[in-house]
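Participant: Sequence:
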Amino acid sequence: MAKTAKTKTAFFCSNCGAQSPKWVGRCPSCGEWNTYTEEVIGRTDRQAWQQGLTFAPEQGKNKPLLIQDIASHALTRLDTGNRELDRVLGGGLVPGSFVLIGGEPGIGKSTLMLQVALQIPGNQKILYVSGEESGQQLKMRAERLGLTPNNCFILTETNLDDIFTQAARLQPDILVADSIQTLSTPVIDASAGSISQIKECAAQLQRYAKESGVSVFVIGHITKDGNLAGPKILEHIVDTVLHFEGDRNYGYRILRSIKNRFGSTNEIGIYEMQGNGLREVENPSEILLSRREEQLSGTAIAATLEGLRPIMVEVQALVSPTAYSVPQRSATGFDLRRLNMLLAVLEKRCGARLNQKDVFLNIAGGLRVDDPAIDLAVIAAVLSSGQDIPLDPKYCFAAEVGLTGEIRPVSRLEQRLAEAEKLGFEQIFVSRYGLKGMKPEFQSKIVPVSTLFELFQKISKLHASVKP
28 MAKTAKTKTA FFCSNCGAQS PKWVGRCPSC GEWNTYTEEV IGRTDRQAWQ
78 QGLTFAPEQG KNKPLLIQDI ASHALTRLDT GNRELDRVLG GGLVPGSFVL
128 IGGEPGIGKS TLMLQVALQI PGNQKILYVS GEESGQQLKM RAERLGLTPN
178 NCFILTETNL DDIFTQAARL QPDILVADSI QTLSTPVIDA SAGSISQIKE
228 CAAQLQRYAK ESGVSVFVIG HITKDGNLAG PKILEHIVDT VLHFEGDRNY
278 GYRILRSIKN RFGSTNEIGI YEMQGNGLRE VENPSEILLS RREEQLSGTA
328 IAATLEGLRP IMVEVQALVS PTAYSVPQRS ATGFDLRRLN MLLAVLEKRC
378 GARLNQKDVF LNIAGGLRVD DPAIDLAVIA AVLSSGQDIP LDPKYCFAAE
428 VGLTGEIRPV SRLEQRLAEA EKLGFEQIFV SRYGLKGMKP EFQSKIVPVS
478 TLFELFQKIS KLHASVKP
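Mapped onto this note's numbering, the consecutive letters of the sequence shown carry residue numbers 28 to 495.
Note that these hints are calculated values from the structure, not bench results. Being a predicted model, the structure only gives us computed values, none of them experimental. Possibly wrong hints are sitting among the right ones.
[Claimed, not checked] The calculated label-pair distances, taken between Cβ atoms and stated as ranges, are:
no., residue 1, residue 2, range
1, LYS472, GLU374, 25 to 33 Å
2, LYS166, GLN301, 45 to 53 Å
3, ARG196, ILE260, 43 to 51 Å
4, GLN95, PRO399, 26 to 34 Å
5, VAL353, TYR460, 16 to 24 Å
6, LYS237, GLN95, 21 to 29 Å
7, VAL474, LYS166, 54 to 62 Å
8, GLY220, LEU323, 44 to 52 Å
[What the hints assert, rightly or not] Result set (SDA-like, lysine to any residue): computed pairs, CA atoms no more than 20 Å apart in a straight line:
no., residue 1, residue 2
9, LYS286, GLY119
10, LYS375, THR431
11, LYS237, GLN414
12, LYS384, ASN367
13, LYS375, GLN414
For glycine and all other residues, C-beta sits at the position ideal for the given N, C-alpha and C.
Sequences and hints are given; from them, build the entire structure.
Facilitator: Below, the structure is given as structure tokens:
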């Protein structure tokens, strides 16, 4: 009687991807509890995905070379036809790169990649592989986007071997896989979406991209904590990790670079979700700022940075007497702990009485801002609401506030000033200590301040109502 082969299994951490031969309660790698799951790791030696592919004849004959002997050549990037995506990628798509795009369900990842696939200029051939939608669904979405089809081929398949076979016949320039969690390979005897399948599929796609020169986009889901689903090793395999994020209650989406081997991680792309797809937002400041005729108290404009892009955002504050023994503190789009710190600075250094008042803060437009340069605008908005005195709408603020009440300088001040001047702001409040080497064209609009007390002196209405 023939013996059946024993199934080989191992335990993987669903948070970091660490492997263990037995179950453990706490992961020794990341420290999380009860994250180990058992998976089948039966593996064969065949590499069916290589059938039909032709690689360089020097494959497997690499020799160590001195770094000065390595031939360098200019990096040629492909124009995707999407300026915001090209900005985040570092100026275009690098041939043979492996890009991972993650985001919440329904945020617009598939719409973004289908738009890119349909509008890439030139004679580039794109193979769009979908494991989640049928060809009919993709055709309906393409018609809704209203884009003229180009050399975009659709393949509904989840078997990675069959995908590589079709790619070898078509010889595309760009391959898009939607999504990595739906792909599976017979090399691993496990279900699609498991950690072992995600790792193996990503490794094979990486090898395919590097040896064939085809740029590969892979869409990935995220967990409830906001991290990419699957092991963290997936982020180490790919060349670029992009997060597509936004608030469902607003139409704006931000494409943010988390890792980029071919460019900066400080760039972001901004889109607006519309009925006919994603629209690129070239000047987000004009959209985020309110267009109102009357002046209202409790609002201040901050010159902040999202990546390397200067953006003017509106900070709204509401200060009112509390009806409870403990006053409420609430912040939307801003760190609540930092708000509490700024309120403590106001009480300690400026004598503002806020211990019996509720304070609510909101960043208009649904954005979340972590830039310290917004501190001065937050304090100005709180004081404006507390005294019910509106600020001049032609004022904007760009400075950090320290615990001693001093106004501290911020980075890339000239970029912030140029954006404020372009949008018509007449007075820009900045730190006195960050003006060294400032260009002459900005000096007429700069209002330098060093302390909060000096800020109150510069703004006469606030200074007349708030006695430090």
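Participant: Going through the earlier hints one by one, which of them does the structure break, listed in rising order?
Facilitator: 2, 3, 4, 5 and 11
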